[in-house]
Each structure stands twice: as C-alpha cells, then as structure tokens.
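S.K.: Chain by chain, the residues run as shown.
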Amino acid sequence: EVQLVESGGGLVQPGRSMKLSCAASGFTFNNYDMAWVCQAPKKGLEWVATISYDGSSTYYRDSVKGRFTISRDNAKSTLYLQMDSLRSEDTATYYCARVAAISLFDYWGQGVMVTVSS
Amino acid sequence: DVQMTQSPSNLAASPGESVSINCKASKSISKYLAWYQQKPGKANKLLIYSGSTLQSGTPSRFSGSGSGTDFTLTIRNLEPEDFGLYYCQQHNEYPWTFGGGTKLELK
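Here the protein sequences come in this chain order: U and F.
So the first sequence is numbered by the working numbering: it starts at 6 and just counts up by one.
So the second sequence is numbered by the working numbering: it starts at 836 and just counts up by one.
Be a bit skeptical, because a hint or two may be false.
[As the list claims (entries may be wrong)] Coverage of chain U stretches by chain F, computed from C-beta distances (three or more under 8 Å per stretch; other residues unrestricted): (1) 61–74; (2) 97–109.
[Stated by the list, open to error] Quick list of in silico lysine-lysine cross-link-like pairs, DSSO-like style, CA-CA up to 30 Å: (3) Lys874(F) with Lys47(U); (4) Lys81(U) with Lys880(F); (5) Lys942(F) with Lys47(U); (6) Lys81(U) with Lys877(F); (7) Lys47(U) with Lys866(F); (8) Lys942(F) with Lys862(F); (9) Lys942(F) with Lys877(F); (10) Lys70(U) with Lys862(F); (11) Lys862(F) with Lys48(U); (12) Lys942(F) with Lys70(U); (13) Lys24(U) with Lys880(F); (14) Lys859(F) with Lys938(F); (15) Lys81(U) with Lys942(F); (16) Lys880(F) with Lys866(F); (17) Lys874(F) with Lys24(U); (18) Lys877(F) with Lys48(U); (19) Lys862(F) with Lys24(U); (20) Lys938(F) with Lys48(U); (21) Lys874(F) with Lys859(F); (22) Lys862(F) with Lys880(F); (23) Lys938(F) with Lys877(F); (24) Lys862(F) with Lys47(U); (25) Lys47(U) with Lys938(F); (26) Lys859(F) with Lys48(U); (27) Lys942(F) with Lys24(U); (28) Lys859(F) with Lys47(U); (29) Lys874(F) with Lys48(U); (30) Lys866(F) with Lys24(U); (31) Lys880(F) with Lys938(F); (32) Lys880(F) with Lys70(U); (33) Lys938(F) with Lys81(U); (34) Lys877(F) with Lys24(U); (35) Lys48(U) with Lys866(F).
Please keep in mind that the hints were generated in silico from the structure rather than gathered at the bench.
The structure displayed is predicted, hence computed values, not measured ones.
Cβ atoms here follow ideal geometry from the backbone N, Cα and C, with glycine treated the same way.
All chains should be built: construct the whole structure from the sequences, respecting the hints.
M.R.: So, in structure tokens, the structure goes:
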C-alpha cells in the first residue's frame, strides 16, 4: 500500500525557515518524480514544486522560486521541502504527492499545516 | 500560466441523481485534464486523467469527457460517499494548475 506521511509543519514567524519531510513507503521511491502541492485555508490547490526521480531536475512555481528548495534522499525514501524567507501568504496545508508518468498526482499524503504569523 | 475555471462552485444533489462539473482551460491543453476528489480526513484521490481515463479503483459511475479547453466530470447515480470537493488539474504544461474546486453537497 502506498503511503506518504508528511511532518515538520507548525507555526513560524515571517522571514524564518521551516523544513518539511515526507516519508514514503509501499513503492519504489527512486522510480518516481515527487511533488509538493499546497492549499491555503479555504482555498484551492496549488502546485509548489517537483523533483525528478533521481533529484537531477527541479521545478518551482514562480512565487516560491529562490525561497523554497525541494530535495530527496532516495536511500531514506524521503522527500523534503526547505522553505526560507517565509511569508504570511505561504500559510497553507502542504501535501506530498507522487507524480505519475504523465504529470499528475496519483497518490497524496494527508498534508501538514504551516502557519506563518508573528 | 494556464488558468482553469471550474463551475459550478457549489452543487447540491441527492443520492441516486446525476451531476456534472465543468472545467474550462484558458488555452488548449489537448486531452490532459485530471479530476481529483478531496474529503476531510482522507488523502486526495485521483479519479480521472487524460480527460476520460479512469484511474484504477475509480467506480464506473464516474466519467470524464472533453478536449482542448472544455471538460466535464459526470457522476451518475450518486452514492453517499461521493459528496465532497472536486478539483480539475491540467497536466499538459508547467506550471500545473488546478481549478478553484466544486463542492458537491447533499441536498
């Protein structure tokens, strides 16, 4: 059974950093691209970043470029999102998702809440 | 970026009825449109991709249609577990973008 479990969220002040993790199990992690998708309170879903199966390629939405870094450790089957220079508008639930072959998200985690506030 | 516009935002229906949710892209995305279901306390679920292909495990009462810029998700003979939020997503080009969501509620 595919499982994706996020951790590392919480309350953080504007301008500070936070690192999210996503532990994957139930599939061969290093065969798949992975992604982060966020959802602000009472809002819709927004793609944040994607990393290729081997970590060689990364893609970001414009609003997080230069502030967020997606990475992975295939030996630990874990995906990460390092979030720096956080802003109030980054407040959201962040989901880890497996990327299927044609750029869609076939499995999702339950999400972790990040609140950016002073 | 490709803008995805979903309609309606809210929809009320009764079990046994059929409903349709629309998704319009700001430019052609060929057939590359996916539908997801979101329910409280559960992981988001991929229902349909490439416009009309059912993901493994998706009940046959769900169907998708459309290409280019206009797409539709139809749910026939609604079951109680079908009530929740539905999102479309274009998977044709970066940045991948979602519609604003449709809340399907029990009438």
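S.K.: Confirm or reject each hint.
M.R.: Structure-based check of each hint:
1. Given a C-beta distance limit of less than 8 Å, the hint that chain F covers the region 61–74 of chain U holds, as 3 residues qualify and 3 suffice.
2. Coverage of the region 97–109 of chain U by chain F holds. Counting CB-CB distances below 8 Å, 6 residues qualify, and the rule asks for three or more.
3. A distance of roughly 13 Å separates the Cα atoms of Lys874(F) and Lys47(U); the hinted pair therefore holds under the 30 Å criterion.
4. As the CA atoms of Lys81(U) and Lys880(F) are separated by approximately 25 Å, the hinted pair is consistent with the 30 Å bound.
5. Of the supplied pair hints, the one linking Lys942(F) and Lys47(U) holds, its CA atoms being roughly 21 Å apart against a limit of 30 Å.
6. Proposed proximity of Lys81(U) and Lys877(F) is supported: the alpha carbons are some 25 Å apart, at most 30 Å.
7. Between Lys47(U) and Lys866(F), the direct Cα distance comes to roughly 29 Å. Compliance with the 30 Å bound is thereby established for this hinted pair.
8. With a CA separation close to 34 Å, the supplied pair Lys942(F) and Lys862(F) exceeds the 30 Å bound.
9. A threshold of 30 Å between alpha carbons decides the hint, and for Lys942(F) with Lys877(F) the separation of about 22 Å falls inside it, so the pair holds.
10. Restraint check: the Cα-Cα separation between Lys70(U) and Lys862(F) comes to about 24 Å, which is no more than 30 Å; the hinted pair holds.
11. Restraint check for Lys862(F) and Lys48(U): the C-alpha separation of about 23 Å stays at or below 30 Å, so the hint holds.
12. Our distance criterion of 30 Å between C-alpha atoms is broken by Lys942(F) and Lys70(U), whose separation comes to about 43 Å.
13. For a cut-off of 30 Å, the pair hint linking Lys24(U) to Lys880(F) stands: about 25 Å separates their Cα positions.
14. For the given pair, Lys859(F) sits about 17 Å from Lys938(F) by alpha-carbon distance, which is consistent with the 30 Å threshold.
15. For the given pair, Lys81(U) sits about 47 Å from Lys942(F) by alpha-carbon distance, which is inconsistent with the 30 Å threshold.
16. For the suggested pair Lys880(F) and Lys866(F), the alpha carbons sit about 20 Å apart, so the restraint of at most 30 Å is met.
17. As the CA atoms of Lys874(F) and Lys24(U) are separated by approximately 26 Å, the hinted pair is consistent with the 30 Å bound.
18. Taken as a hint, the Lys877(F) and Lys48(U) pair is honoured in the structure, with Cα atoms around 17 Å apart against an allowance of 30 Å.
19. For the hint linking Lys862(F) to Lys24(U), the alpha-carbon distance of about 35 Å lies beyond 30 Å, and the restraint is violated.
20. Our distance criterion of 30 Å between C-alpha atoms is met by Lys938(F) and Lys48(U), whose separation comes to about 12 Å.
21. A threshold of 30 Å between alpha carbons decides the hint, and for Lys874(F) with Lys859(F) the separation of about 23 Å falls inside it, so the pair holds.
22. Between Lys862(F) and Lys880(F) the alpha-carbon distance is near 26 Å, which keeps this suggested pair within the 30 Å criterion.
23. Taken as a hint, the Lys938(F) and Lys877(F) pair is honoured in the structure, with Cα atoms around 16 Å apart against an allowance of 30 Å.
24. Between the alpha carbons of Lys862(F) and Lys47(U) the distance comes to roughly 27 Å, so the proposed pair stays at or under 30 Å and holds.
25. Between Lys47(U) and Lys938(F) the alpha-carbon distance is near 12 Å, which keeps this suggested pair within the 30 Å criterion.
26. Restraint check for Lys859(F) and Lys48(U): the C-alpha separation of about 18 Å stays at or below 30 Å, so the hint holds.
27. At most 30 Å may separate the alpha-carbon atoms for a hinted pair to count; Lys942(F) and Lys24(U) exceed this at roughly 42 Å.
28. For the hint linking Lys859(F) to Lys47(U), the alpha-carbon distance of about 21 Å falls within 30 Å, and the restraint holds.
29. A hinted pair counts as satisfied when its Cα atoms are at most 30 Å apart, and Lys874(F) with Lys48(U) qualifies at roughly 14 Å.
30. Distance restraint check for Lys866(F) and Lys24(U): the Cα-Cα separation of roughly 36 Å exceeds the 30 Å cut-off, and the hinted pair is therefore not satisfied.
31. A threshold of 30 Å between alpha carbons decides the hint, and for Lys880(F) with Lys938(F) the separation of about 15 Å falls inside it, so the pair holds.
32. For the given pair, Lys880(F) sits about 27 Å from Lys70(U) by alpha-carbon distance, which is consistent with the 30 Å threshold.
33. For the proposed pair Lys938(F) and Lys81(U), the alpha carbon gap of about 37 Å is over 30 Å, so the pair is violated.
34. At most 30 Å may separate the alpha-carbon atoms for a hinted pair to count; Lys877(F) and Lys24(U) meet this at roughly 23 Å.
35. Annotation: proposed proximity of Lys48(U) to Lys866(F) holds, straight-line Cα distance about 26 Å (limit 30 Å).
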